[in-house]
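Colleague: If you want the building blocks of each chain, they are given just below.
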Amino acid sequence: MREISCEQLRTAVAELFLTANRQISSDIRAAMEQARDRETSPAARYALEQLTENYVCAEEDGLPICQDTGMAILFADIGQDVHFTGGSFEDAIQRGVADAYVGGLLRKSVVSDPLFDRKNTLDNTPAIIHASIVPGKQVHLLAIAKGFGSENMSRVGMLTPSAGEEGVFNYILETARLAGPNPCPPIVMGVGIGGDFEQAALLAKRATARPLGVRHPDARYAALETRLLDAVNALGIGAAGYGGRTTALNVAILTAPTHIAGLPVAVNICCHASRHAETTL
Amino acid sequence: MTPIEIRLPLDDAQIAKLRAGMTVRLSGPCYTARDAAHKRLTEMLDRGEELPIPLTGQCIYYVGPSPAPEGKPIGAAGPTSSYRMDAYAPRLLSLGLKGMIGKGARTQPVLDAICRERAVYFGAVGGAAALLARHITSSELIAFPDLQSEAIRLLTLDHFPAVVLIDALGNVFPERA
Chain A
318 MREISCEQLR TAVAELFLTA NRQISSDIRA AMEQARDRET SPAARYALEQ
368 LTENYVCAEE DGLPICQDTG MAILFADIGQ DVHFTGGSFE DAIQRGVADA
418 YVGGLLRKSV VSDPLFDRKN TLDNTPAIIH ASIVPGKQVH LLAIAKGFGS
468 ENMSRVGMLT PSAGEEGVFN YILETARLAG PNPCPPIVMG VGIGGDFEQA
518 ALLAKRATAR PLGVRHPDAR YAALETRLLD AVNALGIGAA GYGGRTTALN
568 VAILTAPTHI AGLPVAVNIC CHASRHAETT L
Chain B
9 MTPIEIRLPL DDAQIAKLRA GMTVRLSGPC YTARDAAHKR LTEMLDRGEE
59 LPIPLTGQCI YYVGPSPAPE GKPIGAAGPT SSYRMDAYAP RLLSLGLKGM
109 IGKGARTQPV LDAICRERAV YFGAVGGAAA LLARHITSSE LIAFPDLQSE
159 AIRLLTLDHF PAVVLIDALG NVFPERA
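Read top to bottom, the protein sequences are chains A and B.
Numbering-wise, this note's numbering comes out as the position in the first sequence, counting from 1, plus 317.
Numbering-wise, this note's numbering comes out as the position in the second sequence, counting from 1, plus 8.
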């Protein structure tokens with residue numbers, strides 16, 4: 318048994334959300350600079366120049382990369398030999414999120430009641446927590462600061478087996494086309510195939526955090542990712558929706574076993590910043 | 009791509025020379041409002057109340073900034089998706105609003121209203137929030153403080169970079185196939 322204090326968890330969560338919001342990850346930055354240098358459309362290049370310069374402005378001025386600092390999503394993979402001490406696991410995470418958003422001058426974007434009151438909770442809590450128990454005595458935390466410009470463009474499709482690869486391909490491509498300029502392209506597309514309604518969506522969310530350049534281990538899915546990325550870029554939506562050659566930076570697929578009658582597909586769209594950070598305790 | 013300098017508030021002569029696809033630099037006063045503020049403005053109009061902001065010739069920026077660090081007028085301040093304001097925009101345009109700054113596409117009723125009222129829709133680059141904040145030199149809370157980041161603020165823009173996405177003739181950038 319390994320003990321981890323809730324205080325340590327709280328501090329780690331706060332640091333992750335501050336990092337995710339303030340620092341662009343190195344793979345995304347490199348991809349955006351490459352997209353800028355390769356862009357032939359003047360308007361799209363103008364947008365990509367602003368976006369790559371924005372990383373510098375954020376760092377120099379102590380501001381988040383984007384004003385929509387997102388809803389806080391935390392994936393916690395908890396080793397089964399870990400015991401959290403000195404408080405509640407849930408409470409420690411929520412306090413960590415509040416520390417980051419209140420203390421770190423991030424925008425508070427959460428309302429308590431979704432339909433009627435829509436009253437701001439003032440500290441960006443509650444975070445959405447996806448906890449799972451894994452072997453070992455470590456805790457892996459993946460923090461995603463999810464803006465809703467892109468979240469609103471995400472979809473779940475309950476396809477059926479006869480749809481096959483082409484049906485899946487077309488559904489994902491159609492999602493990018495319908496999203497158009499709204500999700501702040503170039504986008505990162507996380508795709509979940511299989512499972513059930515909510516597992517597909519959860520896989521899609523997690524897939525958005527896969528590092529660029531890493532492909533699915535199964536060559537058939539890896540090929541599908543590459544084919545989709547090319548097709549999405551051929552849509553010509555482009556950076557900021559201004560046209561050009563870069564509409565997406567990545568398409569990442571995660572899969573799960575599913576029912577004999579089903580072929581669920583979920584597409585979670587992230588903006589070009591794809592803000593996430595991870596750590597292992 | 010040499011930008012055209014535009015002074016806010018907008019006048020008809022300035023609007024007439026703008027064409028979809030042109031890059032511009034906006035300077036002058038501009039109000040912020042997004043989903044919740046638009047809903048409240050519309051409810052006030054329904055009740056026959058006077059609005060907390062003037063509309064004639066004015067420009068609204070669809071933005072909910074992050075909190076301002078000490079010594080700075082505003083935090084990160086990039087545009088939000090404009091389509092969510094489409095349910096409210098035609099009414100504000102009919103009351104004299106001349107400019108909107110946001111990101112993404114608009115629906116047909118907004119396009120029609122922009123033409124009818126000889127207005128303009130500017131796009132700022134979504135996610136360039138820290139860069140855009142450098143082009144905002146002041147921010148003053150005007151109405152609905154309980155809405156937090158969604159409150160209405162009066163900003164002063166200074167060479168704020170934007171692109172004309174819909175002009176007063178109804179041309180749209182980029183043209184969609």
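Keep in mind that a hint or two might mislead.
Cβ pair distances, simulated, as ranges [to be verified]:
(1) B:36 - A:433: 57 to 65 Å
(2) A:478 - B:179: 40 to 48 Å
(3) A:439 - B:103: 27 to 35 Å
(4) A:530 - B:79: 58 to 66 Å
(5) A:357 - B:116: 29 to 37 Å
(6) B:51 - A:475: 33 to 41 Å
(7) B:183 - A:439: 38 to 46 Å
(8) A:376 - B:116: 39 to 47 Å
(9) A:596 - B:102: 19 to 27 Å
(10) A:450 - B:162: 47 to 55 Å
(11) A:328 - B:53: 42 to 50 Å
(12) B:10 - A:596: 41 to 49 Å
(13) A:579 - B:53: 42 to 50 Å
(14) B:79 - A:328: 25 to 33 Å
No lab work stands behind these hints, which were simulated from the structure alone.
A quick note: this is a predicted structure, and the numbers were derived from the prediction, not measured.
In this text, a Cβ means the ideal position worked out from N, Cα and C, and glycines have one as well.
Colleague: Look at each hint and say if it fits the structure.
Modeller: Here is how each hint holds up against the structure:
{"no.": "1", "hint": "B:36 - A:433: 57 to 65 Å", "result": "38 Å, violated"}
{"no.": "2", "hint": "A:478 - B:179: 40 to 48 Å", "result": "46 Å, holds"}
{"no.": "3", "hint": "A:439 - B:103: 27 to 35 Å", "result": "33 Å, holds"}
{"no.": "4", "hint": "A:530 - B:79: 58 to 66 Å", "result": "40 Å, violated"}
{"no.": "5", "hint": "A:357 - B:116: 29 to 37 Å", "result": "31 Å, holds"}
{"no.": "6", "hint": "B:51 - A:475: 33 to 41 Å", "result": "38 Å, holds"}
{"no.": "7", "hint": "B:183 - A:439: 38 to 46 Å", "result": "44 Å, holds"}
{"no.": "8", "hint": "A:376 - B:116: 39 to 47 Å", "result": "41 Å, holds"}
{"no.": "9", "hint": "A:596 - B:102: 19 to 27 Å", "result": "53 Å, violated"}
{"no.": "10", "hint": "A:450 - B:162: 47 to 55 Å", "result": "52 Å, holds"}
{"no.": "11", "hint": "A:328 - B:53: 42 to 50 Å", "result": "48 Å, holds"}
{"no.": "12", "hint": "B:10 - A:596: 41 to 49 Å", "result": "46 Å, holds"}
{"no.": "13", "hint": "A:579 - B:53: 42 to 50 Å", "result": "48 Å, holds"}
{"no.": "14", "hint": "B:79 - A:328: 25 to 33 Å", "result": "27 Å, holds"}
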